[in-house]
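S.K.: Letter by letter, the chains look like this.
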Amino acid sequence: MWVDVLLLMKQELMLVAMIFFILFLKLGRERSNESYISIVNVLLLINLVAGFIGSKQGMLFNEMFRTNELMVLEKNILSLAMLIISMQSSVWLKTHKHVPEFYVLLLSTMLGMFFMISAGNLLMFYLGLELSTIPLAAAANFDLVKRQSSEAALKLIFSSAFSSSLLLFGISMIYGTTGSLTFSQIPPLLTNDPLQIFAFILLLAGFAFKISVAPFHMWTADVYEGAPVAVTSFLSVVSKGAVLFVFISVLYTVFKPLAAAWYNMLFILSLLTIITGNLFAIRQNNFKRFLAFSSIAQVGFILVGISGSSQFGTASVVYFVLIYVFSNLAAFGVIALVSGLTGKENITDYKGFYKTNPLLSWILTIALFSLAGVPPTAGFFGKFFLLFAGAGKGNFLFITIAALNMIISFYYYLRVVRAIFMDENPKPIETLRIPLLPRIALYTCTVGVLTVGFIRFIYNYIHALSTGL
Amino acid sequence: MYDVPLSHVLFVSTALFFIGMYGLFTRRNMITMLMALELLLNSVNINFIAFNKYLYPGKLDGVFFTIFIITIAAAEAAVAIAIIINLYRSHKSIDIESAAELKF
Amino acid sequence: MLLSLLIIFPLLTALAILFCKGLKQVRNIALSGAALQAGYVVYLLLLFVQEDIAVKGMAFQYACSWFEPLSINYHVGVDGISMVMILLTACIVLAGVLVSWATETLSKEFFFLLMLLSLGAYGFFISLDLFTLFFFLEIAVIPKFLLIGIWGSGKKEYSAMKLALMLMGGSALVFVGLAGIYFNTGTFDLLAIAANPIARDVQLIFFPFAFLGFGVFTALFPFHTWVPDGHASAPTAASMFLAGISMKLGGYGCLRVATFLMPDAAHAWSWVIILLATIAIIYGAFATMMQTDLKYINAYSSVSHCGFVLLGIGMLTKTSINGAVLQMVSHGLMTALFFAAIGMIYSRTHTRMLAQLGGLLKVTPFISTVFVIAGLCSLGLPGLSGFVAEMTVFMGAWQNPDKWYRLATILACASIVVTAVYILRATGKTIMGPMSSTYENLVDAKWNERLAAALLIAGILLIGLAPFLINQLISPGTEVIMNRVIGFSK
Amino acid sequence: MAGYTYVILVPLIPLVTFLLLGLFGRYLGRSSGMIGTAGLLAATLLSFLTAFQYFFGANHVNGVYEPISAFKHTWLQFSPGLSIDMGIMLDPISVMMIVVVTFIALMVHLFSLGYMKGEERFTTYYAFLSLFTFSMLGLVLSVNIFQVYMFWELVGVSSYLLIGFYFQKASAVAASKKAFIVTRFADFGFLIGILILGFYGGSLDIATLVERLTNTASPEFIAITAASFFGISVLTWALTLVFIGGAGKSAMFPLHVWLPDAMEGPTPVSALIHAATMVVAGVYLVARLFPIFSMNSAVLSLVTWVGVASALIAAIIACTQTDIKRVLAYSTMSQIGFMMFSQGLSKTSGEDGLGYMASMFHLFTHAFFKSLLFLCAGAVIHYVHSNEMRDMGGLRKLMPVTHACFLIACLAIAGIPPFAGFFSKEEILLTAWNENLFVYGIGLFTAAVTAFYMFRLYFSIFWSQPFPTHAKQPATAHQQEGSLTMQLPLVILALCTIAAGLVPFSKFVTADGRPLETHFNPLFSVPPVLLSIIAILVAAELFKHGDGRAANIAAGLGLVYKAASKKFYVDELYLFVTKKIIFPFAGRPAAWFDRNVVDGCINGLAYITASTSNAIRWVQSGRLQHYTLYFFGGIAGLAIIFIYLWK
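Each protein sequence line maps, in turn, to chains A, B, C and D.
Take 208 as the starting number for the first sequence in my numbering and just add one per residue.
Take 875 as the starting number for the second sequence in my numbering and just add one per residue.
Take 103 as the starting number for the third sequence in my numbering and just add one per residue.
Take 1221 as the starting number for the fourth sequence in my numbering and just add one per residue.
One chain only, chain A, in its complex shape (with noise of 0.2 Å):
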């Protein structure tokens, strides 16, 4: 029995020894700040390692906690984010004062996504959201004297508190007319009648608020600009990615009655966020603000891609996630590398980059073809499939405006690859040497980028385990 406990809960178990081991290692003596990051990044390797080991499903807790090879892989894939991320903040935070603290506050996200996407009642969900936000306003704050640092923090915390409440209030909604919260229960009792349909909306804007879909999305700009390239970093892949793996098992198992109403809600809000997203990132000059907006674009892919079958949906919709982890991170790890060094976070500053810094030069160029979706790098598989699920419902208008939108947001990235290669600049960034631990963390985003959609097992690893919703 309790060996099954510990091997259902091992990922969950494994964060709290970690934060637990931290803070001890917090209150022993004083340490440096090399050493605490080097301490961490080794077990978060071996926390990413033993993600892959003796993982089974089952369920625990009458339902409370369920897990099975789907959501270990999410897991799993999550963990090698947050690795990839604390090997590139060490730049930054070998300058900081709370190195533990820094990780304990994302651990502790961390934490709460993992029992969030294992959730398995209304009530663990919420605590998992929770848990994974609260922590992360803290860290959007982490650049103490910073003053946008503070007001990107202070919108996080009140819009995201607004948005939970609202969950909330449609979670009391389901509660009073089906009268259960556990997922496994709630289908049956679902009929279509307005209240449903109305709580329904409610969750489906938590969810939306989290994974910043239009018109929930306004808090993300902003706090992706303020808050530290570390934290921003997380919040545009790690947290992005695990509400979006719940947010399909949800909708593809707890609101499959409802489909006929949420299949139309994402047409809608799926085109609504992709031009928002486009149109708005056109004219972005910061390089991190310029990142949300596209990465707001790239959820409306998303809901494209979720929009479609459950089995395919699920299955392009998670191969993207890990794609997007490789690409995104490549790009936040250049940035984050420079605005550590230089402190220079504009496009416009990287004019004739390329000229001093071919290497970084390279390795951002071909994260951003990533996320534009040119072959041969993997985010044209991702995009692909996202679209190609989308397009399994024959909907037809819907993938053509999709496409279309490609254009757009190729205009903006090929942007910024014109102010690397092109542009003329008087003083460029100067040549920048890169420690070890940001070099390794590149170097895994940019091979990952290059290979994962030629390694033919990987996709179809995880479209066979998506049968399982």
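Bear in mind the hints are in silico, worked out from the structure with no lab data behind them.
Quantities reported herein were computed from a predicted structural model and do not represent experimental measurements.
We treat Cβ as the ideally placed atom computed from N, Cα and C, and that holds for glycine.
Treat the hints with caution; some may be incorrect.
Unchecked claim - Here are the in silico distance ranges between beta carbons for each label pair:
id : chain 1 : residue 1 : chain 2 : residue 2 : range
1  : C       : A165      : A       : P464      : 38 to 44 Å
2  : D       : F1275     : C       : L564      : 36 to 42 Å
3  : B       : F892      : A       : P464      : 24 to 30 Å
4  : A       : V654      : D       : P1300     : 57 to 63 Å
5  : A       : Y668      : C       : L147      : 38 to 44 Å
Here the structure of chain A is known, so what remains is to put chains B, C and D in place on it, guided by the hints.
M.R.: Here is chains B, C and D on its own, set in the frame of chain A:
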């Protein structure tokens, strides 16, 4: 003792909800906005309790949920206030208007 | 596996270029790589002529699954048409490398991207699976953006951006078309789809997507505006590749994907195609007449000439489709040669403006001769490839009995006069006439330039003098396509 | 016929010399001229051999000269039935043509050795000459109408190259461009004609086409006559279009504008291309397809009237020109007019076929005396360094040989017996007399005018004022008349001019291949000869003394003279159409439309997107409360749509 029908209670909670929302939209003092948020959460709590008591008296899901919400609301408030204090350090004000530099 | 080498060679060359030091090494690697490809392609051709296509349909087929769940395979194979296209690619890549021998700035990246482009082109021409086809199509787009933007001239950023965006728009349309085909047949495999036809109404919906999408690549009338700017700002090798190959990607796609897989729709929509093609031909020719920049002249004439390709496809007779393919090849070689000549002139005189040029025949006889030959080819001089291609298109077009199509054909024929006008104008102002004294001591072509020109001219002459050879190569391919067109049109 | 395969060498030898000179000319230098000439000599001998074997050989089946396909190879298969074949067809006219072409070309090659001496691009010149000879031979030997078209284009290009030989002279460049474009315009008609014939005839092979389209019972013939386009039978369309092609090459009115300008080229070139060979290609084309033409009287009469008009107009213009080469050019045009209308008046068989034979005969003789005239003119120009009549005069003492040859040629073209021109022109006029008196009248008049302007030319070059007095001094190098290589061709051609008329032409070349007995009627030939002599006397009276008489008369004629000397403003018309109509109303609008409208739309899209994104930036106001408001708005919106509307 059941002479107060469910609809009334729901009415109260909904009213509370919208009052909270109104507060959130209009108040400029961050602390007040925080209080408005608490109102929102409390209306949800009332919902849960009411549903539990009137519709599904057999189980206690609603009640538990409420307890969790209360605790989490506390945590949220704590972090929010911490952030506000930190913001006050830099902005010398807790007026929400002053925290509008990140835009467009 | 034979064909996969076509993808592997450029890949290896590109990687090798990345890892070598110094201009000299880069050049040599690139050149040897290109030469290797060319040699290998010739070898393939020799094998190909021994294959009997009639039995297999496609030669050298190789298929392995890529994403089983979606029945996406890596499936390659060639017939006569794609074989010809591959030859064209090899020829132009080699010539391009030779011409851009003198690239000093960032030469490593330059040749790397060039190799990437050729990879995309090869892959596109050999793939029999719509997914891989699309994959390679897009691979062939982005390097152009960088090539033009970094090594270009004039308002290069603008042109590069425009080109990339319009082509991406095209491929977006193609994507929709492909998705449509997939979800109505359940497979991406060209041959499988061809085996069990698509329902007519479905064809009618998705044919325009596919055709327009590919049409953007081959300068279909309203979507051709990337051509002039792109060509004008691109470095010589890039414009050679752009006009020589990537515009052919479109034509090939229109033929292989749109027309081959959706013959009924092709019939139903042919009037639109022919209308647009005719407009492109006439209007492109007239627009060319007014240009003052050599590259713009050639770019607009490309619009006009690619119109012939679309016209040939639209007419849907065996001869006309033969002609379309011939025209693709001939135009590829011809414009490549033309751009090469222009590049040589530009690199010496540092201007492409007709007004400032003149009398170059006196100082640079070789380059001028090349220029004249390219010109004569594009105005359809017998003995050069242009004549063969255009005449085949006309002949085929005329076999379509529809009265209005006849009218279109006549209009298209009329363009040979206008072509003569602008070509002779360009020649007269550039090569002939009084020469400004500043050009007194220009040096004639270097060995690499001579080699490149010779290569392309050889191709042009081969087609021009012995069209029956290439015809034997192409016609079995068109046979197959025509069988479908006729089969379903009734 | 195996016996004739060697004929393939006739065109091939010039091709080889072309490649030789073109590729390795740099290393050959001076000797290239010799190579070219030698090669052509061989070709000439071969063609003589061919002619001998053909006309006096065994293939005289019951009195008819069979067309022989000596060689045939499918070059490009369009579709079953339709293919371009490369081949060699021998029949009376083609054999006659190869003889003429090779012979004249040989003369010109010889002449050029002296004339072009010291030219910078001597080698190139000979290369181009060989190219032209090759294409011309290919053209006349064609078995396939598309083959005709191909060589048609090739001669066009080689003429383009040769006209523009002095490529640094702006006028030469312009002239070459003009020549090519005008003929190209005509070729466009030719091409369409071919497409129609090919489609309805189901073949491109000339023999097959003729065989099918002359048999009124054959399905092809029925189809092509039944089908009609704008109410005119397709056959008429096809033949008219083909004829337009021919008219363009043969500088028939109104497509003649290129020919006078073409005189910018070196004079020997004018002698070869623009007098003897290429310009008669049109006549040859009509002759080639004559059986088909004869099936359609409408087109035949078109041919007649175009011919007549060209003959007359050209003759009148020729009287007013002062550039000697231009005079000759117009006379060429006029003579070709004669050939054309005599064909137009002809029938296919027997006595009625006289016109056909006559035109071929005239083509034959004209080749000799016209090239002779040009070469003489070349010699004169070489001597005087000017094309203008007023720079000349009194040259008869200074260049006796040239003088003699020129006189002979003039007499020939004026139709004075016993010179060549007399006989051929006689036949033509006879045809006209038989078929159409009106045409006969014009023909007669034109003949007289011809005599007039030719002798105007003659007198003002060789008589009038004594030479050195007023003209600019000739260069010392040319004090004597010019080298042997320049005089020999003149003499040979002069002899031919005398002899050619005596050839019993009608024995060999006739419409139906049967020998035709032409009975010579002295009474008939009195009026033309008389008129010519009168004209000559008038010319002598006017121009022999080189004083103002001619000028006074010109002044007297006033407008008429002006119009004629301005070539009746045809050139101006063309310039107006191209410069004032096509460029501003087709070219510029197209270019503008493309840059501004089509491209404008594309850029407009981008601009719209950008401005929209600017316009909606206020949404991201940075105010937390606005954000929450939007949030709520979103929910409300969804709720409204999906709870109230969507049901």
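S.K.: Okay, which hints does this one fail, numbers in order?
M.R.: No numbers; nothing is violated.
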